[in-house]
Each structure stands twice: as C-alpha cells, then as structure tokens.
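A.B. asks: Fit chain B to the known structure of chain A by using the hints.
Protein chains: 2
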Amino acid sequence: MEYIYSGVSNRIFRSEIREILKWTRKPGVISFGGGLPDPSLFPVEEIAEITGKVLKEKGYLALQYGPTAGEPEMLEALLGHMDEFGDKATREQLSITSSSQQGLDLLALLFIDEGSPIVMESPSYLGGIQAFARAGADMHPIPLLDDGMDLDRLKEVLKDLDAQGRKPRFIYVIPDYQNPSGITMTLEHRKRLIALAHEHGVLLVEDSPYRELSFTGEMLPSLWTLAGGKGVIMLKTFSKVLFPGMRMGWMVAEEPVIEKIILLKQSVDLCTPSFTQLILAEYIKRGRMKHSIERSIECYGPKLEAMLAALEKHMPADVTWSVPRGGMFIWLTLPERIDTKEIFMTVIEHNVAYVIGRPFHCDHSGGNTLRLNYSFPSIEKIDTGIERLASAIKEIL
Amino acid sequence: MEYIYSGVSNRIFRSEIREILKWTRKPGVISFGGGLPDPSLFPVEEIAEITGKVLKEKGYLALQYGPTAGEPEMLEALLGHMDEFGDKATREQLSITSSSQQGLDLLALLFIDEGSPIVMESPSYLGGIQAFARAGADMHPIPLLDDGMDLDRLKEVLKDLDAQGRKPRFIYVIPDYQNPSGITMTLEHRKRLIALAHEHGVLLVEDSPYRELSFTGEMLPSLWTLAGGKGVIMLKTFSKVLFPGMRMGWMVAEEPVIEKIILLKQSVDLCTPSFTQLILAEYIKRGRMKHSIERSIECYGPKLEAMLAALEKHMPADVTWSVPRGGMFIWLTLPERIDTKEIFMTVIEHNVAYVIGRPFHCDHSGGNTLRLNYSFPSIEKIDTGIERLASAIKEIL
Chain A
1 MEYIYSGVSN RIFRSEIREI LKWTRKPGVI SFGGGLPDPS LFPVEEIAEI
51 TGKVLKEKGY LALQYGPTAG EPEMLEALLG HMDEFGDKAT REQLSITSSS
101 QQGLDLLALL FIDEGSPIVM ESPSYLGGIQ AFARAGADMH PIPLLDDGMD
151 LDRLKEVLKD LDAQGRKPRF IYVIPDYQNP SGITMTLEHR KRLIALAHEH
201 GVLLVEDSPY RELSFTGEML PSLWTLAGGK GVIMLKTFSK VLFPGMRMGW
251 MVAEEPVIEK IILLKQSVDL CTPSFTQLIL AEYIKRGRMK HSIERSIECY
301 GPKLEAMLAA LEKHMPADVT WSVPRGGMFI WLTLPERIDT KEIFMTVIEH
351 NVAYVIGRPF HCDHSGGNTL RLNYSFPSIE KIDTGIERLA SAIKEIL
Chain B
1001 MEYIYSGVSN RIFRSEIREI LKWTRKPGVI SFGGGLPDPS LFPVEEIAEI
1051 TGKVLKEKGY LALQYGPTAG EPEMLEALLG HMDEFGDKAT REQLSITSSS
1101 QQGLDLLALL FIDEGSPIVM ESPSYLGGIQ AFARAGADMH PIPLLDDGMD
1151 LDRLKEVLKD LDAQGRKPRF IYVIPDYQNP SGITMTLEHR KRLIALAHEH
1201 GVLLVEDSPY RELSFTGEML PSLWTLAGGK GVIMLKTFSK VLFPGMRMGW
1251 MVAEEPVIEK IILLKQSVDL CTPSFTQLIL AEYIKRGRMK HSIERSIECY
1301 GPKLEAMLAA LEKHMPADVT WSVPRGGMFI WLTLPERIDT KEIFMTVIEH
1351 NVAYVIGRPF HCDHSGGNTL RLNYSFPSIE KIDTGIERLA SAIKEIL
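Top to bottom, those sequences are chains A and B.
Following our numbering, the numbering of the first sequence begins with 1 at its first residue and continues without gaps.
Following our numbering, the numbering of the second sequence begins with 1001 at its first residue and continues without gaps.
Calculated from the structure, these hints are not laboratory results.
Fair warning: there could be bad hints in the mix.
To be verified - Straight-line C-alpha distance at most 30 Å; calculated DSSO-like pairs for lysine-lysine:
id : chain 1 : residue 1 : chain 2 : residue 2
1  : B       : K1159     : B       : K1191
2  : A       : K22       : B       : K1285
3  : A       : K155      : A       : K230
4  : B       : K1058     : A       : K53
5  : B       : K1022     : A       : K285
6  : A       : K58       : B       : K1290
7  : B       : K1285     : A       : K56
As the list claims (entries may be wrong) - Computed spacing ranges between beta-carbons, pair by pair:
id : chain 1 : residue 1 : chain 2 : residue 2 : range
8  : B       : I1379     : A       : G287      : 42 to 52 Å
9  : B       : D1363     : A       : L145      : 52 to 62 Å
10 : A       : H200      : B       : E1349     : 51 to 61 Å
11 : A       : L145      : B       : H1364     : 47 to 57 Å
12 : B       : F1013     : A       : E156      : 37 to 47 Å
13 : B       : L1151     : A       : D83       : 58 to 68 Å
14 : B       : L1021     : A       : D162      : 42 to 52 Å
Just so you know, these numbers come straight off a predicted model, no measurement behind them.
Where is the CB? At the ideal position from N, CA and C, for every residue including glycine.
One chain only, chain A, in its complex shape (with noise of 0.2 Å):
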C-alpha cells in the first residue's frame, strides 16, 4: 500500500548531528556533543518528595485533564518566577508549552505560510530551523557578529524584502548565551534591534533558554522587557535552568496572540500534563528555582573557564572560539579549507567528539565551524578532551 504524503513530509529531514551523535556513544570517547545539564544537579529528592505531596493533596487534579493555558497555580508561579528575573507579564499573556520546541512549533504553525519570509540569527538554533523549514519558511540569515546579528546586514535583508512589497514574519533571535554560538547581545543592539523592528513592524522572537545562566552576576534585560511586551514573543525553558526531562516550558506574548496560541494549542495537544506542573509549581512557590539556577551557575562557570583555558593552551593559532559568559556553548571556527563534517571520523579515533556546524546554519554555510559543550562533561573531561581535539586538528591541518 502506498501512503500519500503532505508536503510537510518533504520539509522534514534526519539531521546530521543526530546521525554523527551516535558515535559519541563509543566506549572511551569525551563528548562536547549534546547541549545537555549535568544530572548531578537534578534536585531529585526534592522533586520526589514534592511529587508525593502534589499526589496526597491533589491527585484528583494532577491527574485530570487540564486547561490548555495551563494550571492556574503554575501560570500565577511562573509570573513570580519570571519577576524574580526582571519579567512582568500577565496571566493572560502566558500559555504553558511543552518545553521551548513546541513554543517554536505553535509560531511555525500560526506564523508561516509555505515561502512565507523569516530573518534569523546565522548560526541559529537547530530545533528552530527544523520547526521553520518543516512550515516552508523562506529563511534569511543574517551573519551573528560578537555583539549580536549584524545589524546593517538587517536593515539590508529588509530593505530589499520591502522592495518586493514582502515583510518577515517574525525575526528569530536567541539573545543571550546564543545556542550553538554562546554570544550575546549587548544592551545597545538589543535597543537597536527593537527599534529597527518597530519602525518596520516586523514581530522579534526571543528564545531564552539560557539567559538566567549568567556567570558573571551580569544580566542584560530581555527584548520582552525592554520592548515593553510590544510586538516581542518570548519562549522560556526549564531545559537548561533546571532539567529537560519534564517538558516544561512556556510562552510571552501579547493577549491577542496567546488566544491564538491556546485555541490552536487545543488541536495540537489538548493540554500540558497537570502532574508536572503542579510539581514544579510548588518548587518554584518554595523559592527554589533561584537556588537551582545558583547551583548550576556554580557548576557551569568553572567548566567554561576550564574549557576557555584548555583552548587556550592547546589549539593552534589558526583555531578562533567564543568567549561567552555563560550558557553552554563555545563555538570554534576552523580555517576554511576544513570541514568539520568530514574530519568528524578522524576526530572520533581520538576519541573525542563535538557537533558540526553546518546544520546551524539555514543557508547551510559554516562547514569550517563546530560546537562544544561545556555543561555535561566533567572539569578532568573537559581538560583531557580538548587536548585530544587539539591534537585531531592540529593533525588534520
């Protein structure tokens, strides 16, 4: 029997890094690969013990079916959570999202029509690409500079969109700790950002996973905050913040908006599960989320200095990294004759492993770049792992 596809099914592709990170599972092979948060930080007793009470008090409740916005007590938490860090929003400008990716799903769906043009950060983020191209987006990128997307080269794609009486649908952007770049934007391009949207009435998206991992106490306000929730849609994550295994996350944006988004959140998944976010509503309610944060700040700025340092001794002179500030990415720049796709075999019998960068990238440039993870890997790892890379490259080059 032959089964008739839809035209999504054209626009969806097995991502190489998923093939190539299956080799990271080699017995003996230090993996950068990942983006993943050192488990050791998990509160699981915490939780467990949490999870106990949410099933004696409200059982009934947390396993029922719920409102498709969310619980009450966890959107009334989140407000709480996100004014902690700086965010004022309203009940009616949030919708609970299973984790970030499904937030970009619901934009891909309410935003993109097939050719429909976007403007992104390039690199960008993977699980971004994938949600746009899978819409059909007609994706421009926009070369990511140390202070945040080049700004001229904006007003250019912009320029040149309005000439053909077209206007993106939203620009993309991850502002802070960029995913796989680990660059953030400074105060100035973030003003200079939404001015420059406004004044073309383009909508900003604004991943932020990673912005509470801040290593250096330093935190720039968000592009929801500094735009006054005008024309901005945030996503948010407990991915990277606290752990990944819950699916948790949720979406900023004006009321108009979010009714869309839970009206359409309805076909897609009726609900987020009541379970979780009553736990983790009553972790966030007992002041516990800036502790977790605390910790893992504690845990991640030691690696990236040990990273930082490890590059710094070993790499040969013709190898560039970012320098970020928190997050868990450092993204290195190889001479151009390199492709990191095709040395990624070699790299491997040195039994160390990272992600290639092409598939950040939606015009599919960047095969001289790779990424590594810093927030999995132990400090002895990191050392002894980079010095294999090092050693893999400088044999290569």
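C.D. replies: Just chain B, lined up with the frame of chain A:
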C-alpha cells in the same frame, strides 16, 4: 503593531463546546459534559511510590532529555500491554506521543495538505476534526450506523473521489465505544471496512482510546490486528483507561510511517517527558494496568446501566439514544426541530448540562443531537441529572 498570521490561523476556531462548558461550573449543575475519567480511580498512592523509586534509582535519566520515539523501557512496556489485549507490534512500529491528540496532530502534519480529502465517521471526535480542519482537510463525513460507518455510502464517496482523480489521505474511525456516539463497529463491519480500504489503497486511521473499557467481557480485535498491521495506523492513550494528567499516548504504524513520525516529532516537541514515561513503564511492568482497567470497568459499567435505566424511565418517546457496551458516552437524538445549542440555556436552568452534538459533525449537521458522559458523575447524580434533563426536554417539546 500588526501581526501577519498564517493560513492555519484562519482554520483554528473556538470550540462552541468549550464556550458552553463554562456554564457547567454553575453551582448546583450536574454535568454530563466533558469526557473525564472518575478521579476516585486514580492510583495516586502507587504513582507516588513509583515516582519515588524512579527518581531514586534513575533520576539522572528521568529528568534528562530522552529519545524522540520514547524511552526503550516504556516502549517495551507498551508492547507487553498491547499483547495483553491481543495486539502485536515491534518496537520499530511504535512512537510515544503526548496523548493521542498529539498523534492526531502528527497525522494531520504528515498526511494532509490544504484541500486533501479525508473520510470520517459522522459524528466523530472533536479533537480529530480540529486537527484535520487546521491542516485544511476536505472532510467527507460518512453517517455512522449502529454497526459502524455506512459502508455503502463510503463506497460511493470513494468512487466519486476516484472519478475526480482524488484519493482520501486516510479514513478516520473510532471502532470501539466511539466518541461521541458510544457505537462499536461489529467484527463483520471491521473486516468489510478493511477489505474496502485495501481495495482502494486507502490508509485507515484507528483511534482507539476506549477499546479496553468493555463492560461485557467481549472485546473485538483492533483494525490493526485484523489487517495484519498493513495500511493501518493506530492511536492509543492512557487518558481514558488510567488517567489523562500525564498526557501519555502512543502510535502504532508500519515502520516507514513511524520513521517519518519521529523525524516530525523532533520539530514538534523533541521528546515526550522521560519522567512520566519511566513512571508509567514501571506501573505497566508491575502488571497494574489490567487491574486499573478492571476497576474502571467495575466503576463505569453500573454508571452506564444507571444512565440507560434513567433515560428509559424519564425520557419522552420521541427522544432516542445509543446503547453502548463500554466507553464513556451515550448519544441522544432529539426531534429534528430541536436545536440542542438553542435549548442549552433553558436546560442549564434545570441545573443539568450536556455537550451539544453539532461540533462533532464536520459538515455542521446534527443540531438535534447531544452527548452524555457517565464516567465522571456519581450514580446518584446520574439519576437526578437525567430526570432533570428529561423534564427540561419535555417542557421544551
């Protein structure tokens, strides 16, 4: 600022049902709306105990990212669970989903282009209609008879479409204790449907949330099993047979379909929570599902009998209803001149609520129908509520 939405945004709609369900919260109202399981059946203590064990023994796994297709432990448990109810499959034929609504969403994305014909029972599940309508499907309703969809009419529709050079992307059916009608497709009918679908090379989508909830001890084989797994996609969920609060379901299909579903799901939500998968896997492995289902049957069987008896006793002669042998719903048909939406507010004044029938019809027919749920209210409330409903209807007639 003006947002530019996608074509999809014009195909999502506020369900009339959800609009009027809010009235069911009026104090004193007995509601036969919703499709909620009885929360007294939720095994809260055992779930709390299992959660403690899972977090203690593998918290690092439970709170981490997991594979898109599902936790291997969960997939194994699901195969065992299916086997117990007569369905065989391999791990490569399964994908976990965030309840069966996500299964419907994934099928809509994978199979439906704007204008693609699909065929479905009329009435049918609202969540299916929402997902397919959102994707732009051209929905062809086939009247539901007492033994399943009208196969003569189905033949005609397939022939008409064929004459136009079109083929339905799939035929969507709920063979067991259908939502909303409570009707079960007979064995003979299942075989004829499969033969017809195979003859025309059309995929069957079998939505199967209620099959295990048989109150007579008789359980018909699934379409999946009858068709030897060929040309059938089956959607399963724990929402009705255990509880909905973890949003856990799965999809069974031929391997090439599952491969595409997994790629697609990566852009949709990356993965379903490992946390709740490992909890449910343990629950299933302990052999507790069968016990839970038996308890549900013991609870719902008498409720169904009570509702049928009350209908028999109180309803006027020109009201008819389905006589289900399992599931959660009874379907009422009123005289043609009555619109169950128009009379809803009058009925609410009698402190009883139902769900209007029209939204379950993709062609907006069925204005004189309504759905009654008996799984949630107590037997006492069922007696009183049906008496109230009958008295309201008599008054209106």
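A.B. asks: Report the numbers of all earlier hints that the structure fails to satisfy, in ascending order.
C.D. replies: Of the numbered hints, all hold.
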